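For the sequence shown, the working numbering begins at 851 and goes up steadily by one.
Careful, some of the hints might be misleading.
As the list claims (entries may be wrong) - Once the Cα atoms are required to be at most 20 Å apart in a straight line, the calculated SDA-like pairs of lysine to any residue come out as:
#1 K957 / P992
#2 K1027 / L1048
#3 K1111 / R1100
#4 K1071 / D1108
#5 K1124 / Q1086
#6 K1124 / F1037
#7 K1111 / Y1051
Said to hold, decoys possible - Simulated restraints, written as ranges between beta carbons of each label pair:
#8 G1140 / N993: 29 to 35 Å
#9 R1138 / D1032: 17 to 23 Å
#10 E1084 / D973: 40 to 46 Å
#11 E982 / G1088: 24 to 30 Å
#12 F1005 / E1104: 25 to 31 Å
#13 E1084 / P864: 37 to 43 Å
Hints are computed from structural coordinates only; laboratory data are not their basis. For clarity, every value in this text was computed on a predicted model and none was experimentally measured. Beta carbons are placed, not taken as given, at the ideal position from N, Cα and C, and that holds for glycine.
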Amino acid sequence: MGHKAGFVNIIGNPNVGKSTLMNAFVGEKLSIITSKAQTTRHRILGIVNGDDFQVLFSDTPGIIKPAYELQQSMMDFVKSAFEDADVLIYIVEIGEKALKDEAFFNKITNSKIPVLLLLNKIDTSNQEQLEEQVQLWAEKVPNAEIYPISALQGFNVKEVFNRIIELLPQSPPFYPKDQLTDKPERFFINESIREKILLHYKKEIPYAVEVETEEFHEEEKIIRIRSVIMVERETQKGIIIGHKGSALKRVGTEARKDLEKFFGKQIHLEIYVKVNKNWRSNQNQLRRFGYNQK
């Protein structure tokens, strides 16, 4: 039969379960997951290897109408997902009626590559609603194969994975067989800290934050990490730190526990907070943080 390999790119509206699905496929927590929209900012690659296949899953930001430079860069990651996909996964949730961007929707319906439309969160619906939704999406995206799934419960995920393998082209692997992702360690440290900020802070704060890991020293039994949380204004800095540093300490403690599981080693984590004014609208800053790749 030979070896199969290819890129499977996951797109959809914010909060429909793209990151949950990719983590379910990969079996590792590569993408952070919270109930807030726009949790995923980058295009994150998760690699699944078998003896005769390699699947390269891409989690992408939720499709939105961009309001500032950071969001525009996030949508550029989504556009790139159409360019190199061998299989496109379009994920919607029960009750959803449309994609937020008509141009993206037209790209999906006119796609020349296989499209799998996954109707997610079916554990929150009944049979009648499910049948209505399957019919609705079959009419809207006639070129897609439709699979009802629950990414969180794992329902139908294996069946979708098996279908993906069938659709992949014959190809040697693109990455070494023991590689899990294309992102460096520091990326996952940054994302782990950012996830805790999304979970514990309200309103604008999580969206005004970027995290940068300045030091990463791995020793035999411990990894020593120094990271900086960037905010846009002094007032945000005070909120992140909290009364006598209590809020920042909680973020650090929770991130450290997650990172110890991820790396399988003891972690010493130092976190600082700095003001980086209007970084979300600054092309140079966005490039520095890996967003604006033009």
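Now the hints, each set against the structure:
1. Note on K957 and P992: the hinted pairing holds, with a Cα-Cα distance of about 13 Å set against a maximum of 20 Å.
2. A distance of roughly 33 Å separates the Cα atoms of K1027 and L1048; the hinted pair therefore is violated under the 20 Å criterion.
3. Between the alpha carbons of K1111 and R1100 the distance comes to roughly 17 Å, so the proposed pair stays at or under 20 Å and holds.
4. Proposed proximity of K1071 and D1108 is supported: the alpha carbons are some 17 Å apart, at most 20 Å.
5. Under the criterion of a C-alpha separation no larger than 20 Å, the hint pairing K1124 with Q1086 is consistent with the structure, at around 10 Å.
6. Of the pairs offered as hints, the one joining K1124 and F1037 holds, with about 18 Å between alpha carbons and a cut-off of 20 Å not exceeded.
7. For the given pair, K1111 sits about 24 Å from Y1051 by alpha-carbon distance, which is inconsistent with the 20 Å threshold.
8. A C-beta distance of roughly 33 Å is found between G1140 and N993, which places it inside the suggested range of 29 to 35 Å.
9. Roughly 19 Å separates the CB atoms of R1138 and D1032, a value that falls within the hinted 17 to 23 Å.
10. As the Cβ distance of E1084 to D973 is approximately 44 Å, the hint placing it in 40 to 46 Å holds.
11. Evaluation of the 24 to 30 Å hint for E982 and G1088 yields a failure: the beta carbon distance comes to about 49 Å.
12. Against the hinted window of 25 to 31 Å, the Cβ-Cβ separation of F1005 and E1104 comes to about 29 Å, which satisfies the hint.
13. For the pair E1084 and P864, the beta carbons lie near 29 Å from each other, so the given range of 37 to 43 Å is not met.
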